[in-house]
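K.L.:
One-letter residues, chain by chain:
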Amino acid sequence: MRTFYGDGRRRLFLLACACAGVAAIVGWAASSDNSARAASGGTLVVDNSFVLPTLDPEGTAGPTQQLVVKAMYDTLLNRTANGKLVPSLATSYTESPDAKLFTFKLRKDVKFADGTPLTSADVLFSFRRLINLKNDESALVSGVTVSAPDAYTVVLHSASSNSALPQILTTASLAILNSKLVEANGGTDAKDASKTDQAARYFNTHSAGSGPYVLGTYTTNSQVTLQANPTYWGPKPQFATVVVRNMEASTQLLNVQRGANEVAIDLSSRQASSLQKNSKLQVHLSPALSTFFLALNMNPKVSAVTSNPHIQQAIRLALNYPAELRIGGPGAVRAGGLLPPGVLGNLPPSAAGAYNLARARAEVAASGIQHPSTTLSYPSGLSVNGVQFSTLAQQDKQDLGAAGISVNLVGVPTTPFLTKYLAGQLAMSQVYWYTSYLDPNSMYTFLPGQPFSERVKWGKGSDPSLEKLAVKAHTTASDTTRAKLWRQIQMQLNKSGPYVQQFQPAQAIVGSSNLTNVVLSPISTLDVAAVGSK
Amino acid sequence: VALVFLLLGITLVSFILTQMVPGNPALASLGLDATPEAIQAFDARYGLDQPLPVQYLRYLQHLIHGDLGYSQQTLNPVAHDLGVFIPATVELAVTSMIIAGVVGVVLGVFAALKRDGALDYVLRIVSLGGVSVPVFWLALIAIYVLYFKFGILPSGGRIDVSATPPPHLTGLYTVDAIAAGDWSLLPDILGHLILPALVLAAFNVSVLTRYTRSTVLEIIEQDYVRAARAQGLPERTIVVRYVLRAALPALVTLIALMFASVMTGAVLVENIFNWPGLGQYAYLAATSLDLPAIMGVTLFIALLYVTINFIVDVLYGVLDPRIRVSA
Chain A
183 MRTFYGDGRR
193 RLFLLACACA
203 GVAAIVGWAA
213 SSDNSARAAS
223 GGTLVVDNSF
233 VLPTLDPEGT
243 AGPTQQLVVK
253 AMYDTLLNRT
263 ANGKLVPSLA
273 TSYTESPDAK
283 LFTFKLRKDV
293 KFADGTPLTS
303 ADVLFSFRRL
313 INLKNDESAL
323 VSGVTVSAPD
333 AYTVVLHSAS
343 SNSALPQILT
353 TASLAILNSK
363 LVEANGGTDA
373 KDASKTDQAA
383 RYFNTHSAGS
393 GPYVLGTYTT
403 NSQVTLQANP
413 TYWGPKPQFA
423 TVVVRNMEAS
433 TQLLNVQRGA
443 NEVAIDLSSR
453 QASSLQKNSK
463 LQVHLSPALS
473 TFFLALNMNP
483 KVSAVTSNPH
493 IQQAIRLALN
503 YPAELRIGGP
513 GAVRAGGLLP
523 PGVLGNLPPS
533 AAGAYNLARA
543 RAEVAASGIQ
553 HPSTTLSYPS
563 GLSVNGVQFS
573 TLAQQDKQDL
583 GAAGISVNLV
593 GVPTTPFLTK
603 YLAGQLAMSQ
613 VYWYTSYLDP
623 NSMYTFLPGQ
633 PFSERVKWGK
643 GSDPSLEKLA
653 VKAHTTASDT
663 TRAKLWRQIQ
673 MQLNKSGPYV
683 QQFQPAQAIV
693 GSSNLTNVVL
703 SPISTLDVAA
713 VGSK
Chain B
3 VALVFLLLGI
13 TLVSFILTQM
23 VPGNPALASL
33 GLDATPEAIQ
43 AFDARYGLDQ
53 PLPVQYLRYL
63 QHLIHGDLGY
73 SQQTLNPVAH
83 DLGVFIPATV
93 ELAVTSMIIA
103 GVVGVVLGVF
113 AALKRDGALD
123 YVLRIVSLGG
133 VSVPVFWLAL
143 IAIYVLYFKF
153 GILPSGGRID
163 VSATPPPHLT
173 GLYTVDAIAA
183 GDWSLLPDIL
193 GHLILPALVL
203 AAFNVSVLTR
213 YTRSTVLEII
223 EQDYVRAARA
233 QGLPERTIVV
243 RYVLRAALPA
253 LVTLIALMFA
263 SVMTGAVLVE
273 NIFNWPGLGQ
283 YAYLAATSLD
293 LPAIMGVTLF
303 IALLYVTINF
313 IVDVLYGVLD
323 PRIRVSA
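First to last, the protein sequences are chains A and B. Residue numbering for the first sequence follows our numbering, starting at 183 and increasing by one per position. Residue numbering for the second sequence follows our numbering, starting at 3 and increasing by one per position.
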């Protein structure tokens, strides 16, 4: 009898046809993928987990934006992987003894990608636009005015001594734009630029710089393709194309092992360490520029517990730092102070306090608070350099509990967390700080009355001697003196105050072994234009 | 008129809910170090410094003119963003539903016809696994096996990094490549499409298999099917003409709702496979409290469900003559 399925031979034939069809499609696709890969010798692929809504160089600068913008735009100065300043668009500069006046001499052979020569007018436009956009990055040049005595000289005048300015000038936000091109596409450097500038959208489809690459394509939050700039004035980049892809860390781990000319920059140090023995890869672990710390609210109305100096001291002593370093993973280092390694005036790990549970309990007893209890808030779902805030917060709770401080953990999605944290409404927060430029002045914001200290309600006048010291450090010109003063400030913060720094995690960069110059670049993570192939 | 009121209600509810979230859009966009001046400038630029009723009425005023506003994150018009992201998700969702529909229905019919046989047991276990396995886990395993271990398929993206996408016509790369006559791109595009589509289809295949099985089992017990068998009609004719046709209205409803669900719920798969679709856009909008983008996505989803329900209603008439006659 014939059934719905037909006889046996026919069934077998149909099954074979189906299998062959599927195999043909997959094989067709696979062969195409392999041939495409083989043909992509000139393409460097950088896998990165990012949020990248805009490519406006003067917009909000996340790490990926720094990486991409630095490849398309030049800055007056640049820095090496160890943070040393080197010339870029400026061949030289002079600094007045009081560190208020900076004069830059520009290169005369630089042209933007569209062929327009770069002059001081472009520098003026770029800096004035940044100042007048009044965005997050504008604060970098707060109190700075800019002028141009001639076509190849730029003068920056700072209202107060500002020895950090040369370092600040290396960041992507201070990129030099093609003023004519940007103005023609809605950009302005007028006073009301924060309301009238319309160029941001233009930057999502075009670049307007003089850097080694130009923008190819950009898909919001997904992929950026850079093409080599044929008119670049500096050393030609080795890769004709650079693709920066948004990939989850788990996928990056697989891609970098399988691909060629691939770099993964979001693996945790633990994941990266697991690849050390893979001969097809190179693994680099360097201290990251971020510092994890606990922020304690100083306002007794917000928390009588965290504002108590004895409890603050108890928290410093109660944290099991070796255990927290294990959470940080291989390469993480105990933070000697808030400034990360590589920044002038940073402290060695030995400068930080040690774990001492007995003394922590004694401090709790001396606080006069019976059974102290508080809330520790943290951004749930967020991880930095592979360190989960939730894991770290659980360790904090366990450590403080052992010292007699009861902790209620509250994980909050990042945006609501930021709102409450910035308003100074949280008793204790597990947070991190990422320095946006390599200068100790970047930590001035932590001192009483400065923007960051508002988050822990540490107002002006809370610690007059410390504040006086900070003002002196912030406005001193000599690097030797500044380094000494900032160390002194950090030592004082290690003893008292609202910050309990924990560790600096490691930044892992893993690349195919045939690549050269796969090294951590401060702030922008990877200098893609410098990466070559053996 | 009902549709207008429905959409109006959706805008109002979305607006109120977004305002209730304890977050500040300016801080979410500008970052941790935002200065009060920067926040003020941001609020002024997007009209967030106005009272809530004014903000809502302004939004409606623009909406009437087809203007969904500007995304605070991408700085593009929301309508433009939707035009970029929706086609990517449509391509993924359609492929996924074709796979799910064909495989799920065929396996469901086979399972029902072979009730309590070995094949039925295997399919029941597999489909139970399919509905139980988390999609992100399945995605990672699929990438590990098919990309990392065997190198058969790529791990993510819509096209190889060294290839240039086809000229934009519909935003569906497969269609655009065919329209441009660029057949050499097609295998690359399909290769990138297969894996996320399969992962996305896995859950729906399982649901459809189980649902089809139970529906078919119910139908084959009906008198008219028995009568057809008694008349000696071939088994294939009975299944195709009588059983499947009777099952189609219910299956079409389920598949349509599944399609809407895939269109709006592919965020995990899109993230893992770096698929620049609506899910990624909605996630970015939600986590940064990008109100115009959230409203735009919400309106699109509402319209999608309304449209799909309308199409299903029309299809009922086509598939079931009784409905056509009674109407």
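What the hints contain is simulated information worked out from the structure, not anything from laboratory work. Keep in mind that this is a model prediction, so the values were computed, not measured. One thing to keep in mind: the hints can contain errors.
Some chain B residues close to chain A (C-beta under 8 Å, calculated; not the full set) [claimed, not checked]:
{"id": "1", "residue": "V23"}
{"id": "2", "residue": "A252"}
{"id": "3", "residue": "I274"}
{"id": "4", "residue": "Y318"}
For each label pair, taking beta carbons as the anchor points, the in silico distance ranges come out as [to be verified]:
{"id": "5", "chain 1": "A", "residue 1": "P531", "chain 2": "B", "residue 2": "L59", "range": "54 to 64 Å"}
{"id": "6", "chain 1": "B", "residue 1": "Q21", "chain 2": "A", "residue 2": "D332", "range": "47 to 57 Å"}
{"id": "7", "chain 1": "B", "residue 1": "L59", "chain 2": "A", "residue 2": "V337", "range": "46 to 56 Å"}
No residue lacks a Cβ here, since even glycine has one placed at the ideal position from N, Cα and C.
K.L.:
Look at each hint and say if it fits the structure.
P.N.:
Hint check:
With a cut of 8 Å, the hint placing V23 of chain B at the interface with chain A holds, because the nearest CB-to-CB distance is about 7 Å. With a least beta-carbon distance of about 21 Å to chain A, the hint placing A252 of chain B at the interface is violated under the 8 Å criterion. Hint status for I274 of chain B relative to chain A: holds, with the closest Cβ pair at about 6 Å, below 8 Å. Contact between Y318 of chain B and chain A, as hinted, is not supported at the beta carbon level, the nearest pair being about 27 Å apart and thus beyond 8 Å.
A beta carbon spacing of about 58 Å between P531 of chain A and L59 of chain B agrees with the range 54 to 64 Å that was offered as a hint. Under the hint 47 to 57 Å, the C-beta atoms of Q21 of chain B and D332 of chain A, about 53 Å apart, fit the expected range. Distance hint check for L59 of chain B and V337 of chain A: the Cβ-Cβ separation is about 49 Å, which falls inside the suggested range of 46 to 56 Å.
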